[in-house]
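*Asks:* What follows is each chain in one-letter form.
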Amino acid sequence: MTRKEHAALASRLAVGAVLIYAGSSKAAGPVEEFAYILAAYDVLPKDFLLPAAAFLPWIELLLGWSLILGYQTRLAAAAAGALFAGFLAALASTILRGISLPNCGCFGESLHFTPAQAFFMDLCLLILCGFGFQMGHGPASLDSWSERGL
Amino acid sequence: MGTVFARRIAAAALILTLAVLSALTAHKTHKPFSPFAPDFRTQGPADAKVLMVEFSDFECPACRYAEKPLHDLLALYKGHIRFVFKHYPLRMHERARPAAIAAECAGRQGRFWEYHDRLYDRQEEWTNDKAEMMLAGYASDLKLDMDAWQACRRDPALPALLEAELRDGNNAWVGSTPTFFINGKRFVGFQQLRERGTLFVEKELKR
Chain P
636 MTRKEHAALA SRLAVGAVLI YAGSSKAAGP VEEFAYILAA YDVLPKDFLL
686 PAAAFLPWIE LLLGWSLILG YQTRLAAAAA GALFAGFLAA LASTILRGIS
736 LPNCGCFGES LHFTPAQAFF MDLCLLILCG FGFQMGHGPA SLDSWSERGL
Chain D
928 MGTVFARRIA AAALILTLAV LSALTAHKTH KPFSPFAPDF RTQGPADAKV
978 LMVEFSDFEC PACRYAEKPL HDLLALYKGH IRFVFKHYPL RMHERARPAA
1028 IAAECAGRQG RFWEYHDRLY DRQEEWTNDK AEMMLAGYAS DLKLDMDAWQ
1078 ACRRDPALPA LLEAELRDGN NAWVGSTPTF FINGKRFVGF QQLRERGTLF
1128 VEKELKR
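For the protein sequence lines, the chains are P and D, in the order given. Sequence positions in the first sequence follow my numbering and run 636 to 785. Sequence positions in the second sequence follow my numbering and run 928 to 1134.
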């Protein structure tokens, strides 16, 4: 593997690990709790809060594992990038509208980040997703295994 | 081609399995919590069909906003709901514990709800450096026996009681205040209570 492929693998693993941690923290907790935090962002219609709170953690988990194991790598990187872009837009809108969030809700109850910290983290992860997308899957991936065998 | 497809399906199944396993690993067991609170912190008949438990923090603005929909709900179903107030002072609110203890001591003199209402109504007045003076002022306004009230605030049993209620909340996986449990169903924040609480109580009463 080249140095660039190592870097792409490291990016994939980092983004995947964050998504798995975030997704499992929220999927394991009560959906009403996450819906309450989503409501504070005031970006989703009320009727969508509970369904979004129920599905979003599972999307994070699936994307996280897809990135870690390199399954549909470019698609997963693009989807994760879109997710982070959405988070950034939501965080920016709360900052611009002067909505004070006690924490970003990114990791359920396990870790509390301020909106500014979450914004910086999401921005870094978005950049890593871009890099992962550009590089595609490397040899250490399920994509590689399913295409040519180990 | 067939092998590639089979491998892709196997990989997708692996991803799905790992996602479920990671959620299950993170899943803490929800232990049952005690809906017990001293009588002065309960309202409504003991044999009511609906038991409503609130975990609340006197310094939390969202708890203050929840007061109106909560009062409306309790008034609408007066006689049908057993309401229990439980303390859940969040660690980030440094004045929530002294306020909870002050209210508890007002409760021991039979004035919990008046003190409770005053703490929420005037939340901005006491959630600052003047807390100690304001808390004593509210006790005095309610004509409490001040010596008994001050002595009660030093009772070492009260911090232990708050810890026990925090444990109850943690067992029920309370993360935000106010959190309401209506016959065990969770409602977090005043919006969930206002939008879905009434319907749920109605449904429970018809069962």
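Derived by calculation from the structure, the hints in this document are not laboratory data. Predicted, not measured: the structure shown is a model, and the values here were computed from it. Heads up, a few of these hints could be off.
Unchecked claim - Under the rule of at most 27 Å between Cα atoms (straight-line distance), these lysine-lysine pairs were calculated in the DSS-like manner:
{"id": "1", "chain 1": "D", "residue 1": "Lys1130", "chain 2": "P", "residue 2": "Lys681"}
{"id": "2", "chain 1": "D", "residue 1": "Lys976", "chain 2": "D", "residue 2": "Lys1070"}
{"id": "3", "chain 1": "D", "residue 1": "Lys1057", "chain 2": "D", "residue 2": "Lys1070"}
{"id": "4", "chain 1": "D", "residue 1": "Lys1133", "chain 2": "D", "residue 2": "Lys995"}
{"id": "5", "chain 1": "D", "residue 1": "Lys1112", "chain 2": "P", "residue 2": "Lys681"}
{"id": "6", "chain 1": "D", "residue 1": "Lys1112", "chain 2": "D", "residue 2": "Lys1133"}
{"id": "7", "chain 1": "D", "residue 1": "Lys976", "chain 2": "D", "residue 2": "Lys1005"}
{"id": "8", "chain 1": "P", "residue 1": "Lys681", "chain 2": "D", "residue 2": "Lys995"}
{"id": "9", "chain 1": "D", "residue 1": "Lys1130", "chain 2": "D", "residue 2": "Lys1112"}
Unchecked claim - Label-pair distances were calculated between CB atoms; the ranges are:
{"id": "10", "chain 1": "P", "residue 1": "Lys639", "chain 2": "D", "residue 2": "Lys995", "range": "56 to 62 Å"}
{"id": "11", "chain 1": "D", "residue 1": "Ala940", "chain 2": "P", "residue 2": "Gln752", "range": "32 to 38 Å"}
{"id": "12", "chain 1": "D", "residue 1": "Lys995", "chain 2": "P", "residue 2": "Ala717", "range": "52 to 58 Å"}
{"id": "13", "chain 1": "P", "residue 1": "Ala720", "chain 2": "D", "residue 2": "Ala940", "range": "28 to 34 Å"}
{"id": "14", "chain 1": "D", "residue 1": "Pro972", "chain 2": "P", "residue 2": "Ser728", "range": "44 to 50 Å"}
{"id": "15", "chain 1": "P", "residue 1": "Arg732", "chain 2": "D", "residue 2": "Gly1006", "range": "39 to 45 Å"}
{"id": "16", "chain 1": "P", "residue 1": "Ala727", "chain 2": "D", "residue 2": "Thr1125", "range": "33 to 39 Å"}
{"id": "17", "chain 1": "D", "residue 1": "Glu1090", "chain 2": "P", "residue 2": "Cys759", "range": "35 to 41 Å"}
{"id": "18", "chain 1": "D", "residue 1": "Leu1069", "chain 2": "P", "residue 2": "Ser728", "range": "42 to 48 Å"}
{"id": "19", "chain 1": "D", "residue 1": "Lys1005", "chain 2": "P", "residue 2": "Pro686", "range": "30 to 36 Å"}
{"id": "20", "chain 1": "P", "residue 1": "Asp677", "chain 2": "D", "residue 2": "Thr1125", "range": "21 to 27 Å"}
{"id": "21", "chain 1": "P", "residue 1": "Ala720", "chain 2": "D", "residue 2": "Pro1083", "range": "50 to 56 Å"}
A virtual CB, placed ideally from N, CA and C, is assigned to each residue, including glycine.
*Asks:* Could you work out which of the previously given hints the structure breaks and list their numbers from low to high?
*Replies:* Those not satisfied are hints 2, 12.
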